[in-house]
Amino acid sequence: AQSVAQPEDQVNVAEGNPLTVKCTYSVSGNPYLFWYVQYPNRGLQFLLKYITGDNLVKGSYGFEAEFNKSQTSFHLKKPSALVSDSALYFCAVRPAYSSASKIIFGSGTRLSIRP
Amino acid sequence: NAGVTQTPKFRVLKTGQSMTLLCAQDMNHEYMYWYRQDPGMGLRLIHYSVGEGTTAKGEVPDGYNVSRLKKQNFLLGLESAAPSQTSVYFCASSDPGQGARTGELFFGEGSRLTVL
Numbered sequence: 040a041q042s043v044a045q046p047e048d049q050v051n052v053a054e055g056n057p058l059t060v061k062c063t064y065s066v067s068g069n070p071y072l073f074w075y076v077q078y079p080n081r082g083l084q085f086l087l088k089y090i091t092g093d094n095l096v097k098g099s100y101g102f103e104a105e106f107n108k109s110q111t112s113f114h115l116k117k118p119s120a121l122v123s124d125s126a127l128y129f130c131a132v133r134p135a136y137s138s139a140s141k142i143i144f145g146s147g148t149r150l151s152i153r154p
Numbered sequence: 005n006a007g008v009t010q011t012p013k014f015r016v017l018k019t020g021q022s023m024t025l026l027c028a029q030d031m032n033h034e035y036m037y038w039y040r041q042d043p044g045m046g047l048r049l050i051h052y053s054v055g056e057g058t059t060a061k062g063e064v065p066d067g068y069n070v071s072r073l074k075k076q077n078f079l080l081g082l083e084s085a086a087p088s089q090t091s092v093y094f095c096a097s098s099d100p101g102q103g104a105r106t107g108e109l110f111f112g113e114g115s116r117l118t119v120l
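One line per chain: the protein sequences are D and C, in this order.
Just add 39 to the spot in the first sequence (first one is 1) and you have my numbering.
Just add 4 to the spot in the second sequence (first one is 1) and you have my numbering.
By construction, these hints were calculated from the structure, which means they are not laboratory data.
Computed from a prediction, not measured in an experiment: that's the story for all the values here.
There could be a bad hint or two in this list.
[Stated by the list, open to error] Listed below are several chain C residues computed to face chain D (Cβ distance under 7 Å; list not exhaustive):
1. Ala6
2. Phe14
3. Met31
4. Glu34
5. Gly44
6. Met45
7. Gly46
8. Tyr52
9. Tyr68
10. Glu108
11. Gly112
Positions of the beta carbon are idealized from the N, C-alpha and C atoms, including for glycine.
Just chain D, same shape as in the assembly:
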């Protein structure tokens, strides 16, 4: 079965420190991979995506993610965390060439940045 795992329910980081939010996936064939962010009482906002090409993808608000095919991972990273980065982050995967209805979301990781 196709799935997405976000192994950490919560990640706590001090402001200014690097952050990583982990995501691993299991899909047949090549994946399209996404990160979305959800601020309190808001809908999800697209952050970045990997479709093909360079394994390091850069997105909004200084975030980046690295696609690792051998480890089937797509971890979200940022070199220096801000308090305003505190939010709920979702990883999502879609098998390539499938319909958009086949997008699978992880369970979410709450990122908390302390001043």
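Chain D is fixed; fit chain C onto it per the hints.
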């Protein structure tokens, strides 16, 4: 540019009551979706539509119905609400020229439904 707008934002129902959630998008997107978000479970697809007049079942369609009479609107109905339908509901849309091909979705701000 409003994007994706959901109404109402909050609603409390009694078991057995019916209601409709309205989603409107002004981006001329072909594809529209209804998801529910429950703690620790991510987003689960209820129903979706690939164009005006078409609808299809997602992962958790039971107890819900949908209609897409106009391209810009996607309605989600609960005919007889149950406590298990207490959740936050999100509407999303995507552009077949880009988003639907790659999966990028545009979300509304959510509708919080409580069924007593």
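Should the hint that Met45/C touches chain D count as held when the rule is a Cβ pair under 7 Å?
Interface hint status for Met45/C: holds (6 Å vs cutoff 7 Å).
Against chain D, run the beta carbon of Glu108/C and see if the smallest gap drops under 7 Å.
holds (5 Å)
Just to be careful: measuring from the Cβ of Met31/C to every Cβ in chain D, is the smallest value less than 7 Å?
violated (13 Å)
Could you check if Tyr52/C really has its C-beta closer than 7 Å to a C-beta on chain D?
Interface hint status for Tyr52/C: holds (5 Å vs cutoff 7 Å).
Under 7 Å is the threshold here; is the Cβ of Gly112/C close enough to any Cβ of chain D for the hint to stand?
Holds - the Cβ of Gly112/C comes within 7 Å of chain D, reaching about 5 Å at its closest.
Does the interface hint hold: is Tyr68/C within less than 7 Å of chain D, judged Cβ to Cβ?
violated (15 Å)
Using 7 Å as the Cβ threshold, decide whether Gly46/C counts as touching chain D.
holds (4 Å)
Let me know if the C-beta of Ala6/C comes in closer than 7 Å to any C-beta of chain D, holds or violated.
violated (12 Å)
Less than 7 Å between beta-carbons is the criterion; does Glu34/C satisfy it with respect to chain D?
violated (10 Å)
How about Phe14/C: closest beta carbon in chain D under 7 Å, or not?
With Cβ-Cβ at 10 Å, over 7 Å, it is violated.
So, Gly44/C near chain D? Judge it on the closest CB pair being under 7 Å.
holds (5 Å)
Figure legend: structure checked against the earlier numbered hints; hints not met, in rising order: 1, 2, 3, 4, 9.
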